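Novice: Using the sequences and the hints, build the whole thing.
Protein chains in written order, with this note's numbering: chain A, 1 to 179; chain B, 1 to 660.
Read the hints as simulated data drawn from the structure, not as lab findings. It is possible that part of the hints are untrue.
Within a straight-line C-alpha distance of at most 25 Å, the following computed BS3-like cross-link-like pairs (lysine-lysine) qualify [as the list claims (entries may be wrong)]:
| id | chain 1 | residue 1 | chain 2 | residue 2 |
| --- | --- | --- | --- | --- |
| 1 | B | K438 | A | K12 |
| 2 | A | K110 | B | K208 |
| 3 | A | K101 | B | K287 |
| 4 | A | K6 | A | K127 |
| 5 | B | K156 | A | K82 |
| 6 | A | K76 | B | K156 |
| 7 | A | K82 | B | K306 |
| 8 | B | K130 | A | K36 |
| 9 | A | K101 | B | K306 |
| 10 | B | K603 | B | K574 |
Every value quoted in this text rests on a predicted model; they were computed, and no experiment measured them.
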Amino acid sequence: MGKVKKKVKVIKIDLDKCNGCRACEVICSAFHASPKYSSSNPARARIRLIREPLQDVYLPVYAGEYTAAECMGRDKYVIDGKEYDECSFCRASCPSRDAFKEPDSGLPLKCDMCEDDPPQEEPLCVKWCINDALTYEEREEEVEEEAVPDEMETGLKALVDKYGLQNLMDSVARMSQKA
Amino acid sequence: MMRYAETGYNLEIDLSRGNIERVETDPKLTELHLGGLGTNAKLLWDRVPPEVEPFSPDNLLIFAAGLLCGTPAPGANRTIVSAFSPQTLFMAFSMMGGFFAPELKHAGYDQVIIRGKSPSLVYLWIHNDKVEIRDASHLHGKGAIETAELIRRELKEPHAQVAAIGLAGENRVYMASIEHGRSSASRLGIGAVMGDKGLKAIAVRGTKDINIARPDQFMELCNEVMRYIPLRDGNPIPGVMPILAGLGSPKEMLIHDEKWHTENFMWGNARTRIKDYWTKDVEEKWKETQESVRTRLISCYNCPMKCGAIISVPGISTYMMKCFSKLTYTMAAYSDLDFGFRIAQRATEYGVDGFSTPQVMAFALELYEAGILTDQDFAGMPSDNEGKFYWLLDRIVRREGIGDVLANGVYWAARQIGKGAEAYDHNTIKKHEQLPLKLSMLNPIYFLMWATGEKINITQIEGNFPQAPFETREEREAFVKDWVHVPDEKIKEYFLNWEPRGENSFPYYPTVEATCEIVDWQETMHYIDDALGMCAGLSSFPLKPPYHIHNFPILISAATGMDIDKDALWKIAKRNRTLLRAINVRRGLRREDDRPPENHWKKRFPELETRLLDAYYKLKGFNKEGIPTKESLHELGMDYISADFAKRGIDNNGQSEEES
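Specialist: This is the structure we're talking about:
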């Protein structure tokens, strides 16, 4: 298989430029409200500012994948004399904290780079961060071409995951005999 | 019924009985007063009769989140705290930025109304629908910032926002503030009322939505504001001092150049002007001090400005500072910036007003020098200058010895001490300490603002009109070109014709009529901000701000679904301003109280000042005693005030009747 070009969306975070205002949280929650902009609520934002003013900790973190279990251990990082819990850097919606969950339903939230309808030129948290703590870049990366599975294969894979390959093969055999 | 921008609910807390109620509010009140300061004033008028003493359980302490707080409108983050002031005995409204107001809205409340007194020290924990009065006996005597940290830890809620008092509030010091991270509600002794109620802190966490009535239109305006802010801030107004040339509150944390303040404001007890203070040496030293302790420039909720800073002085706890407290201790003590940053840390933990407190201490030392206070009063005070101020601060917040007298502020302390101490009370208005300014030529605009402002604080009324005339006609013409903010083209004419010297200069220009219109505009903008919870730094305070009288009506209408235009908004602001005046009139405020300190300007013009005050009252719909008239109250839909005045024998017949 050959190499292909892929568009990668990058939000660069410069902690030194963050003034701690949480405008990123505000605009994120408003954009993802339904209907759009009909409400705001930082608790629904897919970005969260980890903020400890007295330790000068200002750290915007984006919501990533949902994870069903919490970590077994936690690491502590000391960077420039400031102590960070590992959770500070983590993008996961996980059982050990309330970040990146819908406050009513508890369902996980994930940053979609504002690709929602209508698609935005850049993520709105970046647009509203006029201090440039958040900036947006698109770059092209060469990645290994992946074989794109066809539709039937995807469907069958789901059935295999659910019932196991042997059960599936038995069922197909039974069905073909009846036919 | 769906409520927009506001939550439609208040919290009623009775600390005497430990009772908590969630009460739906009347949407009609929003139409009449918007929210914030306006609805606070209405509650105080309705529920606190003028006989109630500030330290009575019947005094209310109200925390309001402005109408737009919690919406995406940039800069809408102010908490308006109101009560009757132990210092002035009038209505106090002290405000703070930060993160408290939006959190309160997201918890589901527009106002927290506190009455009664708790038998022991408590704090309030508001977490959405769950509201608790919790024991705070372990927080006795703790610093305000320390308290916030302890509460967050004990609740295991790092996102909780906390407003707390320090030792000064607990001891009912008249200069006690309520501290909230980088912000504080400092003026008029609001922290003393909180301490009197036995309330150490309020912690709040909210995760509910705030709704917008017309989202597309609302966001279009918010985006416009976000686009305008860097454009405007990146283009400082030429010819205006750096701290006032951009947006935000004066950029005391960013800018180290303090030539203007150190050479024009008074040192000591508003006493000495040091004309050649700002030398190269001082500048270098101060710059180094500021840059070595300032860790980061920070903002309030949803605002791109950076008016505050994290301050880490080696050897003392980190704290946050905003604006002018940087200089008040320094100048009161004739000291330097390093001292200013150090003592402000202790003052912040104690929770005291950075304007009043340094002046009270400088006043005490003047009385000592004059022999009015004696060695006995100062027994144990160190002999070094800085040491004296730390010692005095410690005595005041503990109400120990002479500190017990000084804790009542300059006005009351002077009267308690007697022996001529009253003469040293030369910088208060309505019993409240003012910025240390003593100037030469009467400024008619500032005369009216100092004299009549209900906040009793100049920064809460000045703003959108330049503080001084520009030198040349060309500069003025350039300035008015994009001055879309004026409510009327006439204002541009007043500015264009305003000269630094000659016939069209102070004190007779701007004319009496023009002066009143300029003041009316600036005051109106502040009353709008204070109802919306909008920071003055993006609206009523700087020149050419993003918010103004022409886009506010659209923004408010889109947020709330009400349909108000410029005239309707102006009328609401006038209603709120008039209501505040009526509240204070009912507590005894009259024309004789509406005056700046005698020595505020060297050159005074009594006849002109009389005309200014008469004309201002007339424009505002007050009679010659400064009392809102029957006609103006009727027009504003507040006949109930006239009825109450009549019952109390307060004469509010109009000016015209008196003149005929």
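Novice: What hint numbers does the structure not satisfy?
Specialist: 1, 3, 8, 9, 10
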